[in-house]
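Given chain D's structure and the hints, the job is docking chains S and Y onto it.
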Amino acid sequence: MKEWGYKILKPRVIDLDKADTSWFNKLVEKVPSAKKCVMCGACSATCSVSKFTDFSFRQCHILFKHGQFENRAGELDKCMLCGKCNIVCPQGVNTRTVISQMRLFLADMKNENTTL
Amino acid sequence: MSEKKIIIIGGGPAGLEAAYHLAQQNYKVTLLEKELETGGHIRMDVKLFPDFEDASKVRKQLSDKMNHPSIDLKTGICVNSLFQEGDKWCVKNDNNTFYGDAVLLTTGFETFDASRKEELGYGIYDNVITSVEFEAMLKTGKILTSDEKVPQRIAFLNCVGSRDEKVGNHYCSRVCCINGVKLAVCFKELVPNAEVYCFYIDMRMTGQQYEELYRTSQEKYGVNFIRGRISEAASTFNKRIQLKSEDTLAGLPLRITVDMLVLMVGMEPSKSTTLLAGQNDIKGAYGFAASLGINRNDNQTLKEGLFLAGTCKRPLSFRETIADAGAAAIQIMDFLKKAK
Amino acid sequence: MEIKKHYWNEYQKEIAQDDYFYERSCIRQTFFPGSEATFLKILRKELGKKIVDDPRIHTCTGIGYHSDIVPFDTTQVICARLFSLMNGAGLKNYVPSCVTSFGIFNEVVETWKHFPEELEKTRENLRKATGREFEIPDNIAHPSDIIYNFRKELKQKMKYRLVNKETGKPLKVVEHIGCHYSKIFSEQSIGGAEFPHVLAGMIEEWGGEVVDYPERRHCCGFGFRQYLIMANRGYSIANSKKKFESMKPYKPDFIVTNCPGCAMFMDKWQYTIAEMEGITYDDYDKGIPVLTYEEMTGMLLGYNPWDIGFQIHQVQTEQLLDKIGIEYDPQDKYVGVSGIYLGEPEKPKNLGC
Chain D
0 MKEWGYKILK PRVIDLDKAD TSWFNKLVEK VPSAKKCVMC GACSATCSVS KFTDFSFRQC
60 HILFKHGQFE NRAGELDKCM LCGKCNIVCP QGVNTRTVIS QMRLFLADMK NENTTL
Chain S
0 MSEKKIIIIG GGPAGLEAAY HLAQQNYKVT LLEKELETGG HIRMDVKLFP DFEDASKVRK
60 QLSDKMNHPS IDLKTGICVN SLFQEGDKWC VKNDNNTFYG DAVLLTTGFE TFDASRKEEL
120 GYGIYDNVIT SVEFEAMLKT GKILTSDEKV PQRIAFLNCV GSRDEKVGNH YCSRVCCING
180 VKLAVCFKEL VPNAEVYCFY IDMRMTGQQY EELYRTSQEK YGVNFIRGRI SEAASTFNKR
240 IQLKSEDTLA GLPLRITVDM LVLMVGMEPS KSTTLLAGQN DIKGAYGFAA SLGINRNDNQ
300 TLKEGLFLAG TCKRPLSFRE TIADAGAAAI QIMDFLKKAK
Chain Y
0 MEIKKHYWNE YQKEIAQDDY FYERSCIRQT FFPGSEATFL KILRKELGKK IVDDPRIHTC
60 TGIGYHSDIV PFDTTQVICA RLFSLMNGAG LKNYVPSCVT SFGIFNEVVE TWKHFPEELE
120 KTRENLRKAT GREFEIPDNI AHPSDIIYNF RKELKQKMKY RLVNKETGKP LKVVEHIGCH
180 YSKIFSEQSI GGAEFPHVLA GMIEEWGGEV VDYPERRHCC GFGFRQYLIM ANRGYSIANS
240 KKKFESMKPY KPDFIVTNCP GCAMFMDKWQ YTIAEMEGIT YDDYDKGIPV LTYEEMTGML
300 LGYNPWDIGF QIHQVQTEQL LDKIGIEYDP QDKYVGVSGI YLGEPEKPKN LGC
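Residue numbers (numbering that gives the first Met the number 0), protein chains in the order written: chain D, 0 to 115; chain S, 0 to 339; chain Y, 0 to 352.
The shape of chain D in the complex, shown without the other chains (with noise of 0.2 Å):
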């Protein structure tokens, strides 16, 4: 094999066209109130964890409703449950019950031998 001095970059982009969002399906039939997030921030704005690690659970839900999940069962496992997201979210969406949600899924998707 030819030493080249380089590999083609891999593309960092959220493909839809390829992502499997029926995981972000399945959470949502078991927490429907995920539905309603707006992206505002308020639940990593309070959140313990973002204060000394680059945890976001707002960039957590994101990614995993796009079907991004490498590193996210790594990140997800970050967060404290002390429910303060819970507690100033202005769509009442029930951020605890997703974070253990998506935890249970991720584990799921890594007995599937899904590539996380």
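Hints are computed from structural coordinates only; laboratory data are not their basis.
Heads up, some of the hints might be wrong.
Claimed, not checked - Dumping the calculated SDA-like pairs for lysine to any residue here, alpha-carbon to alpha-carbon at most 20 Å:
#1 Lys-219/S to Lys-64/S
#2 Lys-267/Y to Val-37/D
#3 Lys-267/Y to Ala-230/Y
#4 Lys-9/D to Met-157/Y
#5 Lys-35/D to Ile-200/S
#6 Lys-243/S to Thr-20/D
#7 Lys-17/D to Thr-235/S
#8 Lys-219/S to Val-37/D
#9 Lys-322/Y to Asn-86/Y
#10 Lys-302/S to Thr-256/S
Showing chains S and Y alone in chain D's frame:
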């Protein structure tokens, strides 16, 4: 019956509503409309936001009120000249001349010509249409792509021709956000399993029930909202439209292929508005007609006896236009009572 | 692919008719050795135009300037010297062979329009360095503009058309415009920035069909800075790959470009992608031939493909020549101008020949 006569130029919602109020107070009204029927843009609507009221019913209600003994309705008259002659106002087109003691300009708006945004492919690719064309399809009850198929995935792009320096329109057209949500919901009711994406910069849900409709569209209908403008739309091999955007909230570029792209085109002043306002020194920013003040005296102009109502001044919703027409009618009556 | 509205009508620019001063490119002659000679031949022999090819020309510093190695002041003076050479030949119409040069000259002239003090500074620097004076040209046109301008006249002289000899159908052509031609000063590009027409016009006039694929406007990834350093080439090649993937379903017969970097990229990256990942973008695993606009013109005029320089291409062009029905001698391919057989190059593993 007062001897004073008012000429209203423009038979859309503003003109119709103002004509009715003035006639009820026994003033003589001549209503001039350039098309062969009244109604203006509401003729094209199916449902009015935010409560999905039937637009044709509303239109009929407005037009029926024109069967009033004090109202002289003349259609097919496109006014091209407006000026003061002494203390009377003269309104002309090539074949007719009308005189009045006061004139109400309700010449309204036109939608932005989307072909000016080349990169969005309107007028170039088949499945890129405007919100006006989409609503026209809704009227027939069938939304179909150029191949006569029902689209399974459509996208709406907000702020086309508004908030855009490149086309010279810095302002916000006020109603496109809510209109887009309304169209998305209408489409979802027709094709419940379809995927709908709305690409926005902001969601400006300013009116009563607007925010609730936005919430319902997500909660009940599953409409997807992506914060990020579409930079270019290109046609693929099978005439679907490939879109390039950035999901600014995820911080990643986003790519999606849809069956149909609907452009939410903004409101620009109609040609009549710019022409007649220009003839009377009341042409304001972007060619709209300028009133004496935005917060008060919004129906008067710096020319005595020349009044404004509706979207000839700025983008307004239907509800605001009706209210504005009523206010204009009162201002005109006050003026005519004082002038002897 | 039906296009309903043609915007290119609204963006036309003035192109000089005769008396050109030609500025050769630094790198084009390495990758496409026949192209510039073909252009000169076309202008002199077919169109009877006057075009001066001065041996004293040099780089415009485009590569250096865009890689942040050469400062803008130097670039301005270098461009001024080139204009001075043009003045020396008594000409007013400047024709740079490379698209990056075209961008540089437009940029420099535009700068002098808005900042006259820069113009004065440049005049002084040139005087101090070389003792020369210069005048700004009346017209700066890219050679592809000139061929576009005379495409109808050239059509009369052409032996072949861009038509598949067997099926009689027009060839499907992907046209790729260099970024510096249309995207920087869109008013200097025929057709504007979104739908440049300079190559599309040639293709349509000569019987072909332009392929409008989604990534048509996407950059090939050349970009100077990222390409010059080997470790960054992954970024460059990823951009070309994006274009290839997008054009594949349309099964184009060949690609034509007007920029030296783009032509080199589109041609050579097909080889690299084939060797790295085993992927080719046509049905026969031979790759999609890439031509410069001069090569395309010369080919249709009936010039010997080996005189134009087709043998140097990475993706072999015989498949295209056969499709059009162009006569050529396969034995002559690797025989040099001196008549001596030069030897065949090594064949790649995955990209067919």
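Query raised in the report: Are there hints from earlier that the structure breaks, and if so, what are their numbers?
Result: Per hint list: 1, 2, 4, 9, 10 violated.
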